[in-house]
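Peer 1: Those protein sequences? They're chains H and E, same order as listed.
45 is the number that this note's numbering gives to position 45 of the first sequence; each next residue is one higher, with no gaps.
265 is the number that this note's numbering gives to position 132 of the second sequence; each next residue is one higher, with no gaps.
Where hints are given, some of them may not hold.
Taking lysine to any residue pairs in the SDA-like style, the calculated list, with each CA pair at most 20 Å apart, reads [unchecked claim]:
1) E:Lys311 <-> H:Asp22
2) E:Lys273 <-> H:Gln47
3) E:Lys239 <-> E:Asn314
4) E:Lys273 <-> H:Asp22
5) E:Lys268 <-> H:Met101
6) E:Lys268 <-> H:Ser104
7) E:Lys273 <-> H:Leu90
8) E:Lys273 <-> E:Gln166
The set of hints was computed from the structure by calculation and includes no laboratory data.
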Amino acid sequence: MTLDELAFRLNDFDGEEGTTFDALVTEQDILEVTCSNNDEFPIHVTQTETQILAVTPLFNISEVEPDNIEELNAIFLRLSPAVPLSSIGLQGETYILFGAMALSTRFEVIAHELEVQAENTIDVLEAVEHLLA
Amino acid sequence: MGVLKDLMQAVRGGANEVGEAIVDANAIRILEQEIRDAESAIASAKQSLTRMKSSEIGLKRDLSTLGADIADYEQKAIAALNAGEEALATEVAERIAELEGERDDKAGEQAALNEEVNKIHAMIKARERTIQKNKRELDKVRTVQELQRATESVSRNFAATGSKGHRVSQALDRVKAKQQNWQDRMEAGEWLESQEGVDDIDAKLKAKGIGASGASAGSDVLARLKARQSG
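Pulled out of the complex, with its shape left as it was, chain H reads as follows (with noise of 0.2 Å):
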């Protein structure tokens, strides 16, 4: 499936529990998916030959207030096992939540994942919220 295939899929569904998406692929060839339970974060779909990967960037470094970093990276590495179907990391300077799935992976799947995603991006950012600057 292109990015524009999904995104064109996306647009016309709805997810079980009521949420729907706004995908739309951007001049830099990244498609940007926008959860209804989460507008504030959208969602960064890109594609490897093997992989189609789903990057929420959550928040830069140059956020956190800077005695706050270790116990923060402490609390992301405890947290990341705990969030379904997601994880933590760094890129660059920026806090990312990402979810890496087979391209053969099912259309239900794969916006199942996102809507999945959107939450975890409230959850994960909610219990960090205090170390920000």
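Could you slot chain E onto chain H? The hints should help.
Peer 2: Leaving out everything else, chain E in the frame of chain H:
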């Protein structure tokens, strides 16, 4: 060496600035070159296999012809012995020995050929493993590049707004407010539905002339007022 170690060194070296290529282009070229080398080695190995297959077919044919010839001469030698032609039988026996020697040579050749074929199969497998391994390594590189691309556009936005910390809290508040709003609307919807249910029952009762109707309520009130006046 795995690509991940290279990636880590690049990160430690501060190569993770936005827009900067995180992965050494040389490492990628080496992986790609190894894949191409392995693929062309496999292609030429397959050609050799084809050639060997035709040699093998030829050898098999020769061996079966030799086997048939030997059996044939053996029968003839026995026939010659039975006819008391000892000299002729000896000549045939020599011919048989010659053919057997030829057969053994061919059998040796076939064994060597089989060994060679097995080696080539093992080589092809090893090369295919190299290709798969390198493709996985390349996919790690691609993954990092894609993660970088997917993150980059937004982190630029983070920087552009110049807002810190509170940006996240504000966004969280807005999301939660929307969710609350949605929850409230759901509850309102449920309430409305339950009210419609009540109205429904009232309407049914009224239709059957059961319960307080508007008209009887008026007369009841009048009766009550009259009672109070007289009291």
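Peer 1: Does each hint hold? Answer for all of them.
Peer 2: Now for the hints, and whether the structure bears them out:
no.: 1; hint: E:Lys311 <-> H:Asp22; in the structure: 16 Å, holds
no.: 2; hint: E:Lys273 <-> H:Gln47; in the structure: 12 Å, holds
no.: 3; hint: E:Lys239 <-> E:Asn314; in the structure: 88 Å, violated
no.: 4; hint: E:Lys273 <-> H:Asp22; in the structure: 29 Å, violated
no.: 5; hint: E:Lys268 <-> H:Met101; in the structure: 17 Å, holds
no.: 6; hint: E:Lys268 <-> H:Ser104; in the structure: 17 Å, holds
no.: 7; hint: E:Lys273 <-> H:Leu90; in the structure: 15 Å, holds
no.: 8; hint: E:Lys273 <-> E:Gln166; in the structure: 17 Å, holds
Checked against the numbered hints listed earlier, the structure breaks hints 3 and 4; every other hint is satisfied.
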